[in-house]
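Listed in order, the protein sequences are those of chains A and B.
If you want this note's numbering, it's the 1-based position in the first sequence plus 1026.
If you want this note's numbering, it's the 1-based position in the second sequence plus 1026.
Heads up, the list lumps identical chains together, so a pair's fine if it works in one copy or across two of them.
Derived lysine-lysine pairs resembling DSBU-like cross-links, with alpha carbons at most 30 Å apart:
hint, residue 1, residue 2
1, Lys-1385, Lys-1516
2, Lys-1135, Lys-1329
3, Lys-1506, Lys-1035
4, Lys-1135, Lys-1464
5, Lys-1516, Lys-1453
6, Lys-1284, Lys-1135
7, Lys-1258, Lys-1378
8, Lys-1385, Lys-1425
9, Lys-1404, Lys-1257
10, Lys-1135, Lys-1287
11, Lys-1506, Lys-1284
12, Lys-1516, Lys-1446
13, Lys-1287, Lys-1446
14, Lys-1329, Lys-1385
These aren't lab readings, by the way, just hints derived from the structure by calculation.
There are 2 protein chains.
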Amino acid sequence: MENQSNVVKYRYLGINTQNERVVYMHENCHICISEGFEALTRIRISTLAGSIVASLNVITSNLLLHDEIGLSDAAAKELNVSPNETLYVSHLEPIESLGHVRAKIYNQKLGYRAYNEIITDIVQGNYSNIDLTAFITACAGNRMDLDEITSLTKAMITSGTQLHWNQEIVVDKHCIGGLPGNRTTPLVVAIVAAFGLTMPKTSSRAITSPAGTADTMEVFTNVTLSPEEIKKVVAQEGGCIVWGGTAQLSPADDLLIKIEKALDIDSEGQLIASVLSKKAAAGSTHVVIDIPVGETAKVRSTKMAQELQNHMETIGNAIGLNVKVVITDGTQPVGRGIGPALEALDILKVLKNEADAPKDLTERSLLLAGELLELSGKVDSGTGYQTARELLESGKAYKKFIAICEAQGHFSQPVLAPYKFEVRAKKSGILKIIDNRKIAKLAKLSGAPTAKSAGILLNARLGENIEKGQLLFTIYAESKGELNYALEYKNYHDNIITVI
Amino acid sequence: MENQSNVVKYRYLGINTQNERVVYMHENCHICISEGFEALTRIRISTLAGSIVASLNVITSNLLLHDEIGLSDAAAKELNVSPNETLYVSHLEPIESLGHVRAKIYNQKLGYRAYNEIITDIVQGNYSNIDLTAFITACAGNRMDLDEITSLTKAMITSGTQLHWNQEIVVDKHCIGGLPGNRTTPLVVAIVAAFGLTMPKTSSRAITSPAGTADTMEVFTNVTLSPEEIKKVVAQEGGCIVWGGTAQLSPADDLLIKIEKALDIDSEGQLIASVLSKKAAAGSTHVVIDIPVGETAKVRSTKMAQELQNHMETIGNAIGLNVKVVITDGTQPVGRGIGPALEALDILKVLKNEADAPKDLTERSLLLAGELLELSGKVDSGTGYQTARELLESGKAYKKFIAICEAQGHFSQPVLAPYKFEVRAKKSGILKIIDNRKIAKLAKLSGAPTAKSAGILLNARLGENIEKGQLLFTIYAESKGELNYALEYKNYHDNIITVI
Chain A
1027 MENQSNVVKY RYLGINTQNE RVVYMHENCH ICISEGFEAL TRIRISTLAG SIVASLNVIT
1087 SNLLLHDEIG LSDAAAKELN VSPNETLYVS HLEPIESLGH VRAKIYNQKL GYRAYNEIIT
1147 DIVQGNYSNI DLTAFITACA GNRMDLDEIT SLTKAMITSG TQLHWNQEIV VDKHCIGGLP
1207 GNRTTPLVVA IVAAFGLTMP KTSSRAITSP AGTADTMEVF TNVTLSPEEI KKVVAQEGGC
1267 IVWGGTAQLS PADDLLIKIE KALDIDSEGQ LIASVLSKKA AAGSTHVVID IPVGETAKVR
1327 STKMAQELQN HMETIGNAIG LNVKVVITDG TQPVGRGIGP ALEALDILKV LKNEADAPKD
1387 LTERSLLLAG ELLELSGKVD SGTGYQTARE LLESGKAYKK FIAICEAQGH FSQPVLAPYK
1447 FEVRAKKSGI LKIIDNRKIA KLAKLSGAPT AKSAGILLNA RLGENIEKGQ LLFTIYAESK
1507 GELNYALEYK NYHDNIITVI
Chain B
1027 MENQSNVVKY RYLGINTQNE RVVYMHENCH ICISEGFEAL TRIRISTLAG SIVASLNVIT
1087 SNLLLHDEIG LSDAAAKELN VSPNETLYVS HLEPIESLGH VRAKIYNQKL GYRAYNEIIT
1147 DIVQGNYSNI DLTAFITACA GNRMDLDEIT SLTKAMITSG TQLHWNQEIV VDKHCIGGLP
1207 GNRTTPLVVA IVAAFGLTMP KTSSRAITSP AGTADTMEVF TNVTLSPEEI KKVVAQEGGC
1267 IVWGGTAQLS PADDLLIKIE KALDIDSEGQ LIASVLSKKA AAGSTHVVID IPVGETAKVR
1327 STKMAQELQN HMETIGNAIG LNVKVVITDG TQPVGRGIGP ALEALDILKV LKNEADAPKD
1387 LTERSLLLAG ELLELSGKVD SGTGYQTARE LLESGKAYKK FIAICEAQGH FSQPVLAPYK
1447 FEVRAKKSGI LKIIDNRKIA KLAKLSGAPT AKSAGILLNA RLGENIEKGQ LLFTIYAESK
1507 GELNYALEYK NYHDNIITVI
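Chain A extracted, bound-state conformation (with noise of 0.2 Å):
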C-alpha cells in the first residue's frame, strides 16, 4: 500500500494524550477522501524504519495543510519522526487478537496463545484505548479462572525484558494495596540488602491510591532507570527501589493500570498477572505477598485474602516462583503520613531509630522481612524477625538504604508542603472509624501523587482517647487551589474519622 498517493509530510503539533497514539490529519487530505478515512479510523503511519498504529483526529481547521500529517507526542516519540520527514499512511490491516477480546467478552475461556496474542499487540501499541478499556472489563469480576491467570502471566512476562542475576536467591516482596501509608518497602529492601541477600525491587506508581512506593521513593532518589543501571545498583548494593515501568519489565501492565486507574478498578486476574509477572521478569525466585485485610482496605474479608493467597500461591507455583503470602491488618493506616513525601518521613524515622518513628510501621517491616529471610532459607525458621530487627537497630538498614539511594542518583530530604490545614475533633471520645477509602481519597484531592509533598498526616491512631479540639489530622498541598478542593470534600463528608 505504500504507494506515491499515500504519501505525507510530517508537521510537529505538540499535542500530549499521555499513552494514545493519534494522528492528525486534514479533512481535505486526498489520503482522507481516497480512502475513506473519518475521525477515529484507526490506521497505519510508517516512515521507512518502523509504524504504528493511531487514531485518527480530522483537522477542519488551518493547522495542517492537505499534504500534512501531525502525532501526538506518544505517536512521535515511538515512530521517531523529525519535522518535514516523509510518512506513509495505509489501512490498518485487522487486529488478529481483537477476536479473542470478543471471545472473553461472550465469556470464552481464552488459552495461553490468545493472552500471548493480546499482550503482544497491546505492548506493540496496536489497541485503543477502547481496545484496552474492553479486555480490562472482560477480564474483570472473576471472569479469568486460574488457567487463564496463569497464561496471561506467562505471556506479561515474556513481553518485556526479563532480567537474570546470576544468583541462585533472588528476593522480592509486594503488598496488595489499599492501605494508605503502608510503605513497608524500602524499609525490608534496606534490611534485607544489609542482610546480604539480592533484592532489586520495582515498584508501581500509585494505580487508584495517593502513593505507590515508585512515587514515595522519588522523593529520595531517582527511581527511573534503565535495566543496565539497575544492575549495576544491584550488583554494587544487592538492592534498589525503582519504578518498574522504564525497566520494560512486564510493559502491557502500565498501559493496563492505566486504563484500571481511569475506571478506578482493580481486578483479581489483572492484579495477579500484574503482580506476579513483574516479580518473574524483574528474574525473583523468593516473593512475599502482603494482604492487609479491613473493611476499607482493597481485600475487605480474610476470606477474599485467603482466596486470594491461595491463587497467587498455586500461580505463583505454576510459572515457577516461591511465594509466600502474608495476611495481615488493614483495619487503619500504617504510619502517619499519606503521601509520598509524608510517607518518606515516616521511612526516615524507623530507619534511624528515632523515638516518635511510627511503631506500626516498624512492626510491619520486621515481620515482612524477617518472613523473607526464612522464604530465603537463609536463616533458620522462627528467627527472622530478630534477625531483621537487629539490622534495623544497629543502623544498618539505615546505612543500606542510604548507599542505595546514592547508587540510584542522589539522597535527598523530604519536604512538606507549604499550605496545610489542621483538622481537630469537634467532640471528646474514642476515636473509633478511620476511613482508608476516605482518607486516601482525601490525600489524592490535596495533589498526591502529582504533588509529592501534598497528603493527609494523621496526628491521632485508632482507639486513642480524643480531647474535644485535639488535632485529628493535617492537610498538606502545594497549591491553594488544591487545599480548598480537598477541603470541599472533608467540609461534605464529616465521617472520614469517627470519634463516638
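With chain A held as given, fit chain B onto it using these hints.
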C-alpha cells in the same frame, strides 16, 4: 470554583474527534499547574450559559497561548462557544453513576435507578470513551438479566425525545441484522402505509454491516429530519423512513453504538434495549421483529433466536409494546446488492414489479408486511400476506414509496460506483456456501456504507449450477484504493463463495 484564577479564553482549533469531548490546554497554563491537571484528566468547562465535561490533551507547543483553551469540534458545538469567549475551568466533581458501572463490572445486578443515572450521564456527555466502553463490555456476554434489560430499555426511552401520534395503532418493524442486503424495511413501510396504517419508521445506520436502512434510504432521499419534520411527513403520507439519530430518540443509543462499532460487538442486552427503546420512543404500539437465522448471520441457531424472541416479547410486554418476533431464513444474503446504492436498486425493482426483481426480497417483505397487518388487527388472521401482495402488485406501494421520499425532501435514482471487478468461478459445480460475514467484510472494504455506491453485487445464488468462468459477484468501489483493498482481501480469502 469559578473564581478569577480559572478563567481562560477560547481559541478555535478545528479538531474533529467524532463524539469525544476533548479540551486542549497549554502545559504552562496556570490552571494546569495549580490544579495538577495532566493529559486525560477529566475536567469541567463552563460558559455563563452551560457546561460540559471533557478529557484534557496537553499542548506542548505554541498551538495555544498559556491563557487559551481549545476544544474538539464536538465539545465546542455542545458548549456553543465563540472565539475569545471567556471559559471557566474546574475540577470534575465525581460522576456518581460510574460507581454503578464498577458494580456491574463486578457482576452486581443493577436496578432501574442505576441504569437511569448511567443513561442520563451518558446523554449529558459525562462519560469518556473509556467509561462508555467499560459499561458496554460489562453489560455484554449475557451479563444483564431480563429485569436489567427492561430497566435499561425504560431508561433509554425517557432519555430523549418521545413522539406521540394521536393514533390508537402505530406500527413498526425491525430486523436483527447480520444478513447482508436484507433491506425489507422500505418495502414494508411502503406496503403498510399504502394500506392506511401509520408507520413512522426510524432506522439506524450501519453498526458493523456494509449498510443500515438509513444508509440505503439516503441514496433515495433525505433521512436526517427533525421530530417536527417527521410529524409532517407522517401526517401527510402515513409513513416515513428516517434516520433515528437526529430525531433524538433514545440518544444514548447512538453513543453506545459508536463504541460497539469500534469494538465490532453487539451484546444481547444492548441490542434489545436499543431496538425496543427506539420503537417505544418513536411512539409505536405494534412491532414485528425479524430474526434471520443462519450459520454466518448474526443469530446462528434457532435456539438462540427463540431465546431472543422470548426475551424481546417479554420485555416488550413489560414496557407496553405488542411485539411479534418472526424467525426467518438467514443462510444467504437477501436480494443481489450489498451496499447502500446496490440495495436501493433491488428495492426499486421490487416496487416496480420488474421481471428480474429479487424474489427473496419480495417474499420476505410480503411476509413481514402481512404479519404487521395481522398484528394490527386490521385484517383477518391468515389474510395479511395476500393483502400485502395486492398492494405491491397494484403499484400502490411504489406510488406510496415515491410520495414518502418526496415528502422527506426529494426522490433520487441510485447510481453505481465507477470502479468494479468481476469475480468468476474457477471451476464448474454447485454454489454451496456464501459466507455472509466475509461478503459483508468485502463490501465494507470496498467502501460501503460511507461510499454509498460501493459494495457487492451477487450474480449467482445458493444452490445454482455454476459453469467455470461464470460471473459469481461484482465488487464496486468509488476509488481505486478501496477497490484494491477489497481485492487484496478477496485474494487472501478464496472461500467467500464456495462452488463444489
